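Go ahead and model the full structure; you've got the sequences and the hints to work with.
2 protein chains.
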Amino acid sequence: MNEQVEEFRKVAHEAVDWIADYLADPRRYRVLPDMKPGDLVDRLAGAPPETGTPLGQLVEEFHQSIMPAVTHWNHPRFMAYFACTSSPPGILGEMLAAALDTNGIQWIASPAVAELEQVTLNWLRQWLALPEEWFGIIFDTASTSSLHAMAAAREFADPESHRRGGLGQLTVYASDQAHSSIEKAVVAVGLGQENFRKIPSDDKFRMRPEALRAAIEQDLAAGKKPCCVTATIGTTSTTSVDPLEEIVAVAREYGAWVHVDAAYAGTAAILPECRHILNGIEQADSLVMNPHKWMLTPVDLSAFFTRQPKILRRTFSLVPEYLRGTEDPRAVSYMEYGIPLGRRFRSLKLWFIMRHYGRQGVTAMLRDHLRWTSELDAKIKAHPDFEVVAPTLFSVVCFRLRGSDEANLRLFEALNASGEVFLSKTVLHGQTVLRLAIGNAGTTREDVNAVWETVQRLARTAV
Amino acid sequence: MNEQVEEFRKVAHEAVDWIADYLADPRRYRVLPDMKPGDLVDRLAGAPPETGTPLGQLVEEFHQSIMPAVTHWNHPRFMAYFACTSSPPGILGEMLAAALDTNGIQWIASPAVAELEQVTLNWLRQWLALPEEWFGIIFDTASTSSLHAMAAAREFADPESHRRGGLGQLTVYASDQAHSSIEKAVVAVGLGQENFRKIPSDDKFRMRPEALRAAIEQDLAAGKKPCCVTATIGTTSTTSVDPLEEIVAVAREYGAWVHVDAAYAGTAAILPECRHILNGIEQADSLVMNPHKWMLTPVDLSAFFTRQPKILRRTFSLVPEYLRGTEDPRAVSYMEYGIPLGRRFRSLKLWFIMRHYGRQGVTAMLRDHLRWTSELDAKIKAHPDFEVVAPTLFSVVCFRLRGSDEANLRLFEALNASGEVFLSKTVLHGQTVLRLAIGNAGTTREDVNAVWETVQRLARTAV
Numbered sequence: 001m002n003e004q005v006e007e008f009r010k011v012a013h014e015a016v017d018w019i020a021d022y023l024a025d026p027r028r029y030r031v032l033p034d035m036k037p038g039d040l041v042d043r044l045a046g047a048p049p050e051t052g053t054p055l056g057q058l059v060e061e062f063h064q065s066i067m068p069a070v071t072h073w074n075h076p077r078f079m080a081y082f083a084c085t086s087s088p089p090g091i092l093g094e095m096l097a098a099a100l101d102t103n104g105i106q107w108i109a110s111p112a113v114a115e116l117e118q119v120t121l122n123w124l125r126q127w128l129a130l131p132e133e134w135f136g137i138i139f140d141t142a143s144t145s146s147l148h149a150m151a152a153a154r155e156f157a158d159p160e161s162h163r164r165g166g167l168g169q170l171t172v173y174a175s176d177q178a179h180s181s182i183e184k185a186v187v188a189v190g191l192g193q194e195n196f197r198k199i200p201s202d203d204k205f206r207m208r209p210e211a212l213r214a215a216i217e218q219d220l221a222a223g224k225k226p227c228c229v230t231a232t233i234g235t236t237s238t239t240s241v242d243p244l245e246e247i248v249a250v251a252r253e254y255g256a257w258v259h260v261d262a263a264y265a266g267t268a269a270i271l272p273e274c275r276h277i278l279n280g281i282e283q284a285d286s287l288v289m290n291p292h293k294w295m296l297t298p299v300d301l302s303a304f305f306t307r308q309p310k311i312l313r314r315t316f317s318l319v320p321e322y323l324r325g326t327e328d329p330r331a332v333s334y335m336e337y338g339i340p341l342g343r344r345f346r347s348l349k350l351w352f353i354m355r356h357y358g359r360q361g362v363t364a365m366l367r368d369h370l371r372w373t374s375e376l377d378a379k380i381k382a383h384p385d386f387e388v389v390a391p392t393l394f395s396v397v398c399f400r401l402r403g404s405d406e407a408n409l410r411l412f413e414a415l416n417a418s419g420e421v422f423l424s425k426t427v428l429h430g431q432t433v434l435r436l437a438i439g440n441a442g443t444t445r446e447d448v449n450a451v452w453e454t455v456q457r458l459a460r461t462a463v
Numbered sequence: 001m002n003e004q005v006e007e008f009r010k011v012a013h014e015a016v017d018w019i020a021d022y023l024a025d026p027r028r029y030r031v032l033p034d035m036k037p038g039d040l041v042d043r044l045a046g047a048p049p050e051t052g053t054p055l056g057q058l059v060e061e062f063h064q065s066i067m068p069a070v071t072h073w074n075h076p077r078f079m080a081y082f083a084c085t086s087s088p089p090g091i092l093g094e095m096l097a098a099a100l101d102t103n104g105i106q107w108i109a110s111p112a113v114a115e116l117e118q119v120t121l122n123w124l125r126q127w128l129a130l131p132e133e134w135f136g137i138i139f140d141t142a143s144t145s146s147l148h149a150m151a152a153a154r155e156f157a158d159p160e161s162h163r164r165g166g167l168g169q170l171t172v173y174a175s176d177q178a179h180s181s182i183e184k185a186v187v188a189v190g191l192g193q194e195n196f197r198k199i200p201s202d203d204k205f206r207m208r209p210e211a212l213r214a215a216i217e218q219d220l221a222a223g224k225k226p227c228c229v230t231a232t233i234g235t236t237s238t239t240s241v242d243p244l245e246e247i248v249a250v251a252r253e254y255g256a257w258v259h260v261d262a263a264y265a266g267t268a269a270i271l272p273e274c275r276h277i278l279n280g281i282e283q284a285d286s287l288v289m290n291p292h293k294w295m296l297t298p299v300d301l302s303a304f305f306t307r308q309p310k311i312l313r314r315t316f317s318l319v320p321e322y323l324r325g326t327e328d329p330r331a332v333s334y335m336e337y338g339i340p341l342g343r344r345f346r347s348l349k350l351w352f353i354m355r356h357y358g359r360q361g362v363t364a365m366l367r368d369h370l371r372w373t374s375e376l377d378a379k380i381k382a383h384p385d386f387e388v389v390a391p392t393l394f395s396v397v398c399f400r401l402r403g404s405d406e407a408n409l410r411l412f413e414a415l416n417a418s419g420e421v422f423l424s425k426t427v428l429h430g431q432t433v434l435r436l437a438i439g440n441a442g443t444t445r446e447d448v449n450a451v452w453e454t455v456q457r458l459a460r461t462a463v
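Here the protein sequences come in this chain order: A and B. Under the working numbering, the very last position in the first sequence is 463; numbers go up by exactly one each time. Under the working numbering, the very last position in the second sequence is 463; numbers go up by exactly one each time.
Among the hints, a few may not be true.
For identical chains, the list gives no copy identity; a pair is met inside one copy or between any two copies.
As the list claims (entries may be wrong) - Dumping the calculated EDC-like pairs for lysine to aspartate or glutamate here, alpha-carbon to alpha-carbon at most 20 Å:
# : residue 1 : residue 2
1 : K204      : E321
2 : K224      : E336
3 : K198      : E217
4 : K224      : E6
Everything labelled a hint here was simulated from the structure, so no lab data went into it. Note that the structure is predicted; figures quoted are calculated from it, not measured.
This is how it looks when you write it as structure tokens:
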């Protein structure tokens, strides 16, 4: 063992220097790799490893073979999806968690995991000004968090479903801009895709409460029962914000669970000037917000909060003999509140991040990003060849070349092929639209300006 | 940024030295912490962090406040649940993955994530001698893998369930020794707890195929439809092995999906002399095996394999406009095969581990563990005051003091309170039983002997 440890010590020190150099200057890499599907598989193909290989040699191979296939999410010009940051305190937290490998499957399995999760999510709850009685739990991704919301909503609407299975009578509602994970959750928990209603959104991509009410009334008339309404605070395409207070009022009237998908924009609610986006939350039932998006946390860490932990627990609590633990009410066992039993020490990175930046550090970054996005929005609007096609609310701008979809697709391909930036595209009102998302802590105003210059330059040949 | 990077460089170097020292000598820690529920919460309680704190100071606080609440899963005398190892190549893989933060939500989002997952799971498939056409995908935990098996089984049994929701007519079977995650999956996907049958096991804790057949016949007579049979290869309490070939034969006759839960013992199938435990697998439909248990991998990494990826994909493929990618068949997007969209670069640690140890290194460790477990089994059987209460098949011994449950509970509490070892307990044939699991790569034959000495010593006061 000790020889292996000393080999690790040497290689891990080198890795730390490489990581620090990488964090100091990720710009030396293309954002997107220059490769064809299958290139890495072909490069690494071959028989499974029979004999061992020293760590140092593997790190060489990692740099030679694997790095050229990496998309650099931690690059300041990564502006696709929702941009994010693997921050130094987050990386440190992951290093220590990997070494300890402590797995909080129940309280005694690692009190640190169970209790630091309580401490950090309680802090996060306060940063978001959620009601004091809300319960928090960490899952891997927002898709998993929303799946748990859907299962709890099913239990809430029909406690018999736990025993007898879904009856195909429970209906779920979200706007036509909601994330695909909501529909996936409907399918996964057995409610059935044909019981999922995509409620039309308005010209600003927000759910129409009167359309929600009409859909519910229609379902009731058909003998269905409304089970869950998902409001999205910061939709994936345009970051639009559903009118939560009005949605909650409608849903409450019909007894449906309200789940709030704030996976991306929830972080903005830390800013007092943005907290209004969560107005109405105290009457909702659950919320998902992902620190691994805009809150400096390496993937994965999705924070799920609920006003009704007892419903969640009733859905998922099955404690077999080999996992019976202490009955102490302070010995929280998160396994009783969800599907995964294994529980990585994710709260450690969150603790390092929240402590290292403090609320002031996080809000300073958010305000920079909001300001630069707003500046970019103004520049695009002022340019005769471009248009902004959705309200710019947070750190994402949806824009397009005035012209054909083909021209926009050519521009999109040219931008991403340049290696200088990575943007996403989407379709709004039937038209192809480019999405530019700011969210990396290393991004500067100069980066945003430079990308805008590149967009204009490449647009001249794309038209 | 650069000041922060240099602060990280310094602190991360110190962390590497601490990690290496920890790996070289984890025995200086108690296995289980000496604390009461809530101690850590109380220690860290207080207002959420408002201002920032330097990394170095946080590492100090981590050592002072958090470490005393950690259960040391990476300790050679951690012998609870299924013991495991966070190996040096695994830790290195996690360090690099955290720094890159590359998230394989679709192929272009990070080709390295999509393709290294194919490469490593293809290797693992060959180590396990699974059929060539089986498809592999990584999830966080076995509970999540089995949830996906259950959803695919539902889709397989009733493709209409996707659309209409579960109808409460589909039945699921597993032995009374199956893991609670199977029942949780039944509830989660909406099949209903009362459609789950716990099939009685025999005197060696193996599912009885004739009891399975009888249960299926009874359900058919009641108008139900058999949907999924889960065979467990290495049950949680005793590591018993269900007779897979016979179970597959019964299930096939009735058209049910066969899921194989080999989360723990699947690793043993890498050994040619143990591969027979998977006999019959080619007729099964899915299998879960966790490298984060006995294959040197830091939590979390659960490998899910299926013969029927098309069914899995039909269940979970929903590709919204903002995620439309290339149509190239080699550009695999794992999001289409499951619930999570975010995809951590877990395959990187698996690549480091498989390459660093090779099959030879892994099998050498497994054979050591099997031999020491077998030796311990013989010693316990030779002792007049103790009995082994289940066949010792892999690296777990289930034993008890000949005497009352109370005496065994006192012994269990005394062992774990000593800080020298961590064992689990379970109940078999109505009696309290101690479980000792070997699985840490740092464990030596001397550790096993020393724990057995401690057991005997503490037993004298427990009776």
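| field | Index of numbered hints that the structure contradicts, given in increasing order | value | Hints 2, 4 not satisfied by this model.
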